[in-house]
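Listed here are the chains, written in short residue letters.
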Amino acid sequence: MRLDTADILSALVLTLELAGVTTLVLLVLGTPLAWWLSRSRSLVSDIVGTLVALPLVLPPTVLGFYLLIALGPDGLGGLAGVRSLAFSFAGLVAGSVVYSLPFVVQPIRGAFEAMGRRPLEVAATLRASPLDRFFTVAIPLARPGFLTGAVLGFAHTVGEFGVVLMIGGNIPGKTRVLSIAMFDYVEQLRYREAHLVAGAMLVFSFLVILAMSRIGRRIGEVRP
Amino acid sequence: MTAAAGGKPAEPHGLDVSLRGRRGEFSVEAAFTMPRRGVTALFGPSGSGKTSILRAIAGLTRLEGRVLAGGDVWQDGARFLPTHRRALGYVFQEASLFEHLSVAGNLVYGARRSPGGIDQELLLEVIELLALGPLQGRAVADLSGGERQRVAIGRAILTHPRLMLMDEPLSGLDRRAKDEILPFLERLAGSFALPILYVSHDIGEIERLADDIVLVEQGRVTASGPLNQALTDIGLGFVRHPHAAAVLPARVTGFDEADGLAELDLCGQTVFVDGSGPGEIGLERRLRIEASDVSLAREPLTHSTILNTLSVEIVAIEPAGRANLAVLLALDGPGRLTFMAKVTRRSAARLELAPGDRLFAQIKSVSLATSPTPGRQIASST
Chain A
32 MRLDTADILS
42 ALVLTLELAG
52 VTTLVLLVLG
62 TPLAWWLSRS
72 RSLVSDIVGT
82 LVALPLVLPP
92 TVLGFYLLIA
102 LGPDGLGGLA
112 GVRSLAFSFA
122 GLVAGSVVYS
132 LPFVVQPIRG
142 AFEAMGRRPL
152 EVAATLRASP
162 LDRFFTVAIP
172 LARPGFLTGA
182 VLGFAHTVGE
192 FGVVLMIGGN
202 IPGKTRVLSI
212 AMFDYVEQLR
222 YREAHLVAGA
232 MLVFSFLVIL
242 AMSRIGRRIG
252 EVRP
Chain B
6 MTAAAGGKPA
16 EPHGLDVSLR
26 GRRGEFSVEA
36 AFTMPRRGVT
46 ALFGPSGSGK
56 TSILRAIAGL
66 TRLEGRVLAG
76 GDVWQDGARF
86 LPTHRRALGY
96 VFQEASLFEH
106 LSVAGNLVYG
116 ARRSPGGIDQ
126 ELLLEVIELL
136 ALGPLQGRAV
146 ADLSGGERQR
156 VAIGRAILTH
166 PRLMLMDEPL
176 SGLDRRAKDE
186 ILPFLERLAG
196 SFALPILYVS
206 HDIGEIERLA
216 DDIVLVEQGR
226 VTASGPLNQA
236 LTDIGLGFVR
246 HPHAAAVLPA
256 RVTGFDEADG
266 LAELDLCGQT
276 VFVDGSGPGE
286 IGLERRLRIE
296 ASDVSLAREP
306 LTHSTILNTL
316 SVEIVAIEPA
326 GRANLAVLLA
336 LDGPGRLTFM
346 AKVTRRSAAR
356 LELAPGDRLF
366 AQIKSVSLAT
376 SPTPGRQIAS
386 ST
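These protein sequence lines are chains A and B, in that order.
Each number in our numbering comes from the position in the first sequence (counting from 1) with 31 added on.
Each number in our numbering comes from the position in the second sequence (counting from 1) with 5 added on.
What the hints contain is simulated information worked out from the structure, not anything from laboratory work.
Here a beta-carbon is modelled for each residue, glycine too, at the ideal position from N, C-alpha and C.
Some hints here could point you the wrong way.
Only some residues are given here: those of chain B computed to face chain A with a beta carbon under 8 angstroms [stated by the list, open to error]:
(1) 97
(2) 101
(3) 114
(4) 118
(5) 121
(6) 164
(7) 177
(8) 308
Distance windows between CB atoms, simulated [as the list claims (entries may be wrong)]:
(9) A:162 x B:130: 28 to 34 angstroms
(10) A:162 x B:123: 18 to 24 angstroms
(11) B:71 x A:162: 26 to 32 angstroms
Model the full structure from these sequences, guided by the hints.
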């Protein structure tokens, strides 16, 4: 049997696209959310913080099921005027954002909390308005948190399976990402492709975790 | 000593504060004014609420009341300017430089955002005064505590503040770093004609730096006024301190090369001090005279190793411990500056000391309270 590189490549590109877009969306949505969670001590913020953390423990199939409903004709799909947002790239992004949210929000929130109020107070005494302080002090100081969040969000999206299976199906070039392709190869006993994908994923995961610990050490150097 | 809220009319005060409210455990009640120039110390024991008052003046925390700075309303019943709209400089207890910026980036962070922008001339002056030149190329993380605090002070000055607030800027530093920074602080008030409100619980720092003092106890301002008036005020407790001292202004009048002694004029009387670097003739310096270094005699002693003898009058006599008395003395001459002698009860009884007596005060050791090189230009230039 011939090695089907085109199939793998198409799945790889789709996976990178999905992870890239998801990470961007997560950084944009997650930053204000993380900021609010790090500052507020209200019951509402505790509840929201819990909701954000839910994907950490919920079986991906459960999450996928609810997303399927939410994206369907009675939910966002209906609002968008299509039958369903599921089984589309947009649907996959929406699902991945929810699924990877805690992996991005937690590190950023942690970095905001670790810096404390002092740097922002200092900036206020140096004439910086609240928005100015946020962009010129809070965000740069939380850089390690953003790096960690971005890497984790990206890697976690690459590695997701259950949610994608539930809401994405297995449409080549559209929703067939690497983890799904991998499952297919094994089912069809195409072990050469399976080995290639599995090996690449293994190396990728190793590099991600290595990168995380390097970033972690850098944070340690800044705050002994 | 004026009452807490007292003060002179005429031009607006450097700062006019009347704040009250609760901060955690205790209630804060602070009403005082400070002059438009010089260093005013906000003094009190740790945990007495000094920092709470300072933070409220800066608008970092909110207390009820009013804050007027040099005529600007920062806060009153109707208005509350947020911190970034108050023309103040704030130096925090621990040097709080931005770790993500270079030394130069830290220095101009506030200047860039202040109405005047970056004033190149002022920048050079600040770099010169605080000796920041060699630090500019270095990473913030590589600076020592003292160096960081110097950068933080420079950064604050560059925002063109009308008022400088300093929250124990030396308390986090070791002895050596403190000695390194104190001369810079001494120069600050004079060089930039900037009123400084300086929080400290270290009377030694205050004796060197402050012109005026505001006393805080358990969140309340209990007294305020010129430094030496407070140090020698029987009602305030400084006089009973084991190292009670007076800080008096004197003018350099000469220098004896052969003996290495500087000659200073103290209210028309002459005082000799160790002459290493007293500054130029005519320069005003502050003398520190510790009460335990002062002894009293009915007649001037001629056969003695003690150099400095001043003619004085007893103003009051106060108990200071079981065996000792604090004798409050007024110098003969204009101004009737006051200082203290610590004497035993036995000696006081033997000499039958009483208020109104005219005596000779022998001073074993007089020291210049400020470090020599820069001098206090505030006094010499105004």
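Verification of the hints:
1. 97: 7 angstroms, holds
2. 101: 5 angstroms, holds
3. 114: Holds, because the Cβ-Cβ distance from residue 114 (chain B) to chain A comes to roughly 5 angstroms (cut-off 8 angstroms).
4. 118: 4 angstroms, holds
5. 121: The hint is violated - residue 121 (chain B) has no Cβ within 8 angstroms of chain A, the shortest such distance being about 11 angstroms.
6. 164: 6 angstroms, holds
7. 177: This interface hint is violated because 13 angstroms lies over the 8 angstroms limit.
8. 308: 60 angstroms, violated
9. A:162 x B:130: 28 to 34 angstroms: Holds, since residue 162 (chain A) and residue 130 (chain B) (Cβ atoms, about 32 angstroms apart) stay within the stated range.
10. A:162 x B:123: 18 to 24 angstroms: 21 angstroms, holds
11. B:71 x A:162: 26 to 32 angstroms: 28 angstroms, holds
Violated hints for the displayed structure, listed by number in ascending order: 5, 7, 8.
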